[in-house]
Amino acid sequence: MKQEFFNPTLEGERFQDHTVPLELFKDFSALQEMLIEVAKWEFRKSHPNRERIPRNFTSGLDLHLEAVGEGSAILKISLVFASLFPTSNLSYFEQAKTDIVDAVAAVEAGRAPSLPPRYLNYFDRFGRGLRSGESISFQNGEGKATLTPETRQQLMRYAETKEWTEEAVLRVRVPEADKGRNSFEMELNDGSKLSGNLSDLYRDAVLQAFHNYKSGTDEYLLVQGILRKDRDGHFRGFESIEHATPLDPQDVTLRLEELAALQNGWLDGTGVAPNKDALPKLARLFDTSFDSDLPLPFLYPTPEGGLQAEWNLGNWSVTLEIELEHLGAAYHALDLKTGASDELTLSLDSPAEWARLNGILTNLEKQNVEEHQIES
Amino acid sequence: MSPETLLLRQVHPSFVQNGRPTSQVFRPTPKDEDKLSVYDGDKISPEASWTHYTNVLAFKSVGVLAVSLTEVQGQELPVIAEGVPFLEHCSVDFTGLTKTDVDKKAKQLASYAVTRGWLFQRTA
Numbered sequence: 001m002k003q004e005f006f007n008p009t010l011e012g013e014r015f016q017d018h019t020v021p022l023e024l025f026k027d028f029s030a031l032q033e034m035l036i037e038v039a040k041w042e043f044r045k046s047h048p049n050r051e052r053i054p055r056n057f058t059s060g061l062d063l064h065l066e067a068v069g070e071g072s073a074i075l076k077i078s079l080v081f082a083s084l085f086p087t088s089n090l091s092y093f094e095q096a097k098t099d100i101v102d103a104v105a106a107v108e109a110g111r112a113p114s115l116p117p118r119y120l121n122y123f124d125r126f127g128r129g130l131r132s133g134e135s136i137s138f139q140n141g142e143g144k145a146t147l148t149p150e151t152r153q154q155l156m157r158y159a160e161t162k163e164w165t166e167e168a169v170l171r172v173r174v175p176e177a178d179k180g181r182n183s184f185e186m187e188l189n190d191g192s193k194l195s196g197n198l199s200d201l202y203r204d205a206v207l208q209a210f211h212n213y214k215s216g217t218d219e220y221l222l223v224q225g226i227l228r229k230d231r232d233g234h235f236r237g238f239e240s241i242e243h244a245t246p247l248d249p250q251d252v253t254l255r256l257e258e259l260a261a262l263q264n265g266w267l268d269g270t271g272v273a274p275n276k277d278a279l280p281k282l283a284r285l286f287d288t289s290f291d292s293d294l295p296l297p298f299l300y301p302t303p304e305g306g307l308q309a310e311w312n313l314g315n316w317s318v319t320l321e322i323e324l325e326h327l328g329a330a331y332h333a334l335d336l337k338t339g340a341s342d343e344l345t346l347s348l349d350s351p352a353e354w355a356r357l358n359g360i361l362t363n364l365e366k367q368n369v370e371e372h373q374i375e376s
Numbered sequence: 001m002s003p004e005t006l007l008l009r010q011v012h013p014s015f016v017q018n019g020r021p022t023s024q025v026f027r028p029t030p031k032d033e034d035k036l037s038v039y040d041g042d043k044i045s046p047e048a049s050w051t052h053y054t055n056v057l058a059f060k061s062v063g064v065l066a067v068s069l070t071e072v073q074g075q076e077l078p079v080i081a082e083g084v085p086f087l088e089h090c091s092v093d094f095t096g097l098t099k100t101d102v103d104k105k106a107k108q109l110a111s112y113a114v115t116r117g118w119l120f121q122r123t124a
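Residue numbers (my numbering), protein chains in the order written: chain A, 1 to 376; chain B, 1 to 124.
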């Protein structure tokens, strides 16, 4: 027998096709563990004289994903029982669900959650797979309670753990690698250092980055894994590393981090510094909306406080002057051989305009390839 | 000045990424009042111009690019050999042009300069 139990709504770009990435299933597995432990806690509260939880409290009981519906992605999660009838303990699981949703709603409203800290520890794994801008919402009475990376961080502050983990992608250099100890050191742009294990999966990439350290070329690695953070948000180290790959020398995020260090007056006394708060958003937009088949742009500051992206596509010299406050952009392309030119204004806040930019650049790139083929 | 005279332009460190200069190097900045400052290559060597720019004027430069007088005049841009505030100083005059025209001419000049290559680069 089964009973519909949760209908969380997942919102964010990854869920727009009403699908759910498999990697997020780990999070729901943690939700099931939390649900069981909170249900046991509810049972103990109702039976203060009982020392133990009944042996069959959770036997034959499981959470199953039944379907993924439309509405970004709405999950239909059912509680499945081995027996023909719902277990008599069902009410504790219902209460546990309410407790968990209430905890999310409480931090959203700026209140302390009433769930004891040891159960809040489960939010270390439930919600860890959410990326910036993504959320999981639960029905909460007439309203809803929404778990985001930010509310999860708040919940972890009320948990009893000294550290929590996060899925993270870091751009690092490798000042040290020790084949004997099978370890390496990662250096972040702010100078802080983390250590990691040298796995066979990415050993070559790490050693190459170590070899290139401070050479100015191909020295950065993109490291993806589970990162431990302390309560102040400082990185403590990687719990596990899933991928470590050489970073594209024109990586947009890395370049924007460099440009974020500019101060007013950077251009020999003049020159407005780019707005540091706007740069992460632009990096995300390039990451999610710029066609990955196109060459990454070169990026430079402008004296007015904006940025200029540039591409050389065959004879075409292409620039995109970006105003950071409203993400307006002036596109200009010049054919250096014929003098032909093209210009338009774009809003980088609009997915449709990114598609337009991608289309224009793809056409110039194709033209470039065709000209090369004719010449050869 | 002859048609082959090179006009030397200093390049700010933030205007270079992975060795590639931006076309902004050849676009006058707001403080330039539409006049692009260059050194007359007949009067000073690229390295000496860099030393003057970074030591005497105390500005930042990672190196020197150049366009010829012919290339500048081909863009219908006048060159003024002012000789002030120092003897070798010249200006490429962008006065009266629309932003689009400034961008076009700056891109074309940057292309000539990049093809010619760095005439001097600061050692790391």
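If you're looking for bench data, these hints aren't it; they were derived computationally from the structure. Bear in mind the structure is a predicted one, so any value in this text is a computation, not a measurement. Any given hint could be a false lead.
[As the list claims (entries may be wrong)] Within a straight-line C-alpha distance of at most 30 Å, the following computed DSSO-like cross-link-like pairs (lysine-lysine) qualify:
| no. | chain 1 | residue 1 | chain 2 | residue 2 |
| --- | --- | --- | --- | --- |
| 1 | A | K337 | B | K35 |
| 2 | A | K276 | A | K193 |
| 3 | A | K214 | B | K35 |
| 4 | A | K214 | A | K193 |
| 5 | A | K337 | A | K276 |
| 6 | B | K43 | B | K31 |
| 7 | A | K193 | A | K144 |
| 8 | A | K76 | A | K144 |
| 9 | A | K366 | B | K99 |
| 10 | B | K99 | A | K337 |
| 11 | B | K99 | A | K281 |
| 12 | A | K2 | A | K76 |
| 13 | B | K60 | A | K276 |
| 14 | B | K99 | A | K276 |
| 15 | A | K276 | B | K31 |
Hints, verified against the model:
{"no.": "1", "hint": "K337(A) to K35(B)", "in the structure": "holds, 25 Å"}
{"no.": "2", "hint": "K276(A) to K193(A)", "in the structure": "holds, 23 Å"}
{"no.": "3", "hint": "K214(A) to K35(B)", "in the structure": "violated, 38 Å"}
{"no.": "4", "hint": "K214(A) to K193(A)", "in the structure": "holds, 15 Å"}
{"no.": "5", "hint": "K337(A) to K276(A)", "in the structure": "violated, 38 Å"}
{"no.": "6", "hint": "K43(B) to K31(B)", "in the structure": "holds, 25 Å"}
{"no.": "7", "hint": "K193(A) to K144(A)", "in the structure": "violated, 40 Å"}
{"no.": "8", "hint": "K76(A) to K144(A)", "in the structure": "holds, 16 Å"}
{"no.": "9", "hint": "K366(A) to K99(B)", "in the structure": "holds, 28 Å"}
{"no.": "10", "hint": "K99(B) to K337(A)", "in the structure": "holds, 20 Å"}
{"no.": "11", "hint": "K99(B) to K281(A)", "in the structure": "holds, 27 Å"}
{"no.": "12", "hint": "K2(A) to K76(A)", "in the structure": "holds, 12 Å"}
{"no.": "13", "hint": "K60(B) to K276(A)", "in the structure": "holds, 23 Å"}
{"no.": "14", "hint": "K99(B) to K276(A)", "in the structure": "holds, 26 Å"}
{"no.": "15", "hint": "K276(A) to K31(B)", "in the structure": "holds, 23 Å"}
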